[in-house]
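S.K.: Keeping the supplied structure of chain A fixed, place chain B upon it in accordance with the hints.
The chain contents come next:
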Amino acid sequence: MAEIFGIPVPLLLGQLMLGLMNGAFYAMLSLGLAVIFGLMDEVNFAHGAFFMMGAMFAWMGGQYFHLGFWWMLLLAPLAVGLFGLLVERLMLRRLRGMDPIYGLLLTFGLTLLIEGLFRTFFGVAGSPYNPPALLGGTLNLGFMYLPTYYVFAMAASLAACFGTWFLIERTKLGSYLRAGTENPALVQAFGINFPLLVMLTFAFGSALAGLAGVLAAPIIQVSPLMGSNLIIVVFAIVVIGGMGSVMGAIVSGLALGVIEGLTKVFYAPISSTVVFILMALVLTVRPAGLFGKEK
Amino acid sequence: MKFKRLTMALSLTLGLAALAQAQAKEPVKIGFITDLSGVYSAVDGPGGAAAIKMAIHDFGGSVLGRKITMVDFDHQNKADLAAAKAKEFFSRDGVDMLIGGTNSGTALAMAPIASQFKKPFFVVGAGASSIVGKQCKPYTVMYAYNTTALARGTASAVIKHGGKSWYFLTADYAFGKSLESEGAKVVDADGGKVLGQALAPLGASNFSSYLLQAQASGAQVLGLANAGGDATNAIKQANQFGVTKSMKLAGLLLFITDIHSVGLPAAQGLYLTTPWYWNQSAKSRAWAERYLKQTKVIPTFLQAGDYSATLTYLNAVKAAGTTDGAKVMAELRGMKVNDMFMHNGTMRASGLMIHDMYLMQVKTPAQSTGAWDYYTRVQTIPGNEAFGPEASYGCSL
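Keeping their order, the protein sequence lines are chains A and B. So the first sequence is residues 0 to 294, counted in numbering that gives the first Met the number 0. So the second sequence is residues 0 to 396, counted in numbering that gives the first Met the number 0.
Only chain A is shown next, with the shape it has when bound in the complex (with noise of 0.2 Å):
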């Protein structure tokens, strides 16, 4: 077998492949927080919440309503994309102005309410969910077997990361984020409906949350605390890759994922601090992050 450092190939390829894997979720969950704090200076601790909610509801579709994963894929995304909109509509706005921590606080309260919910529910154990039978298979990449699925919901999360950063990026609607971003009274004074722009944004960011969730019901088990169990290493995340910054928030997530892949190969014991210890070196160096602006 070919050695690399004394590893074999195999291996680190295969540990490279899971960590892009758990990248592309790492990034697709950073994304959303990335462009809610952006517009809305809000740091939305209940990401974590809306993702385990995206994963819940894709696996009560199944056990209550027959729905499959491709309707689920869907609708639950849809679903907290909504639950989203009414929290920004109905709590988050009526803290606009004030210190940020106050909607920390409210959105922190709100993840102990929703997990608490679903835990009385549905227990903590976690329920398998199967992915499609379409994707039950096992690919044979010749330096590991890969299971079908695991392909799709890599490609499935980069396809939404970049979506939303042509989305923000390219698009007339996203020059009017960006311009929010920087000046909302400004944009306003242009005739834009403001207030809209930053309810569907938030109701976006969670989508995503929910999308995320779907798509790694198949991989994870869903449990009342799969979320909580992410959210702390998404939010080192979204801070090494610079607050509010969309690219940041992809590069750092797939990034991210690999070198925790090859932690887990060189020195399995840091593998889940490793993110940390990078976001302490990365504030040494860069407060603002590495792609974020100096305020």
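Hints were generated in silico from the structure; no laboratory data involved.
Each pair of labels, with its calculated beta carbon distance range:
id, chain 1, residue 1, chain 2, residue 2, range
1, B, LYS66, A, ARG88, 53 to 59 Å
2, B, GLY262, A, GLY141, 25 to 31 Å
3, B, LYS317, A, TYR266, 56 to 62 Å
4, B, SER391, A, PRO131, 48 to 54 Å
5, A, PHE107, B, THR375, 52 to 58 Å
6, A, ILE269, B, LYS66, 53 to 59 Å
7, B, ASN337, A, VAL8, 54 to 60 Å
8, B, ASN337, A, TYR266, 49 to 55 Å
9, B, THR375, A, VAL8, 37 to 43 Å
10, B, LYS66, A, VAL273, 53 to 59 Å
11, B, ASP57, A, GLY115, 34 to 40 Å
12, B, GLN378, A, ILE6, 39 to 45 Å
These numbers come from a predicted model, not from an experiment. All residues carry an ideal CB built from backbone N, CA and C; glycine is no exception.
M.R.: Then chain B, alone, in the frame of chain A:
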């Protein structure tokens, strides 16, 4: 005014009398602390509680003229939570005997508390051998199985069939580590070799990166030193990632519900060691069918163990004529247990119940003739051989 005072005095006296009477008829309370909602809840959990209730019912509902009741609690796999609740059970709720469910970390935390309150503590769900080894306590009874017996049964069978080099996928806490080290001992002793191990947190759910490491090690056997949901996820993913194409799987602790959830196509041919199988005798079959009717699932050996432990305790209380912990323990030490769960079970000084274990092989889909017909018995391992010599445990009792 006078009248008021009189009624007060009267009601106070009546109240006290009622209280005294209630105390005389205070029920015999059995506590059950286990994972009721997490990764281990399917193999013990609510099904274990149902089994205990069945035992109380079958015993007649009362002993020494006192009603028998049960209280349960979900420890969520947290040792501190389990210990705090055990203390509360004994000091506030008047629990007479505690059954410890799954998760060795929680059992190790509850054992000293039971001994401090001098109450019998039946460990059914937890498997770490140290519970009756270095950390043994005078009021602990390890009833159903332990990691030593599992490893000795399964690992030596797999080595005998040619699986010499091993890689362990281990649950990262007391039980997993205990199972791995017991397994490694057997592998070394039988001329095999351990090439490495990966520690995965309890409830990791995605084992892909650990499985890649196992695959790259070039070992012939992947030893699963985990249990419940972790074991089934690992087996399913080992199939998905093609690990089973180059390695044989050996589950060191597998329950019949695990085999059911993995399915025979993926699980066929696996060796496993178990103290009990629903189809092992007429008695066990009859009981399992009753249980199945009630809960819609076939009982695991833990749930059967919960039932048997409850009956054994109640028999000991009846024979001793008291619920006094020390006297009940003395009674237990002299007892020979014969029921649907074990044949001629006896207790060692350390509290370890010695009974036969069975080496089983999972049937192929073609061999299985009906629902839950999953195992073929390969060998009966006599109790003393399965659990190993008393001296090897290092218990000071």
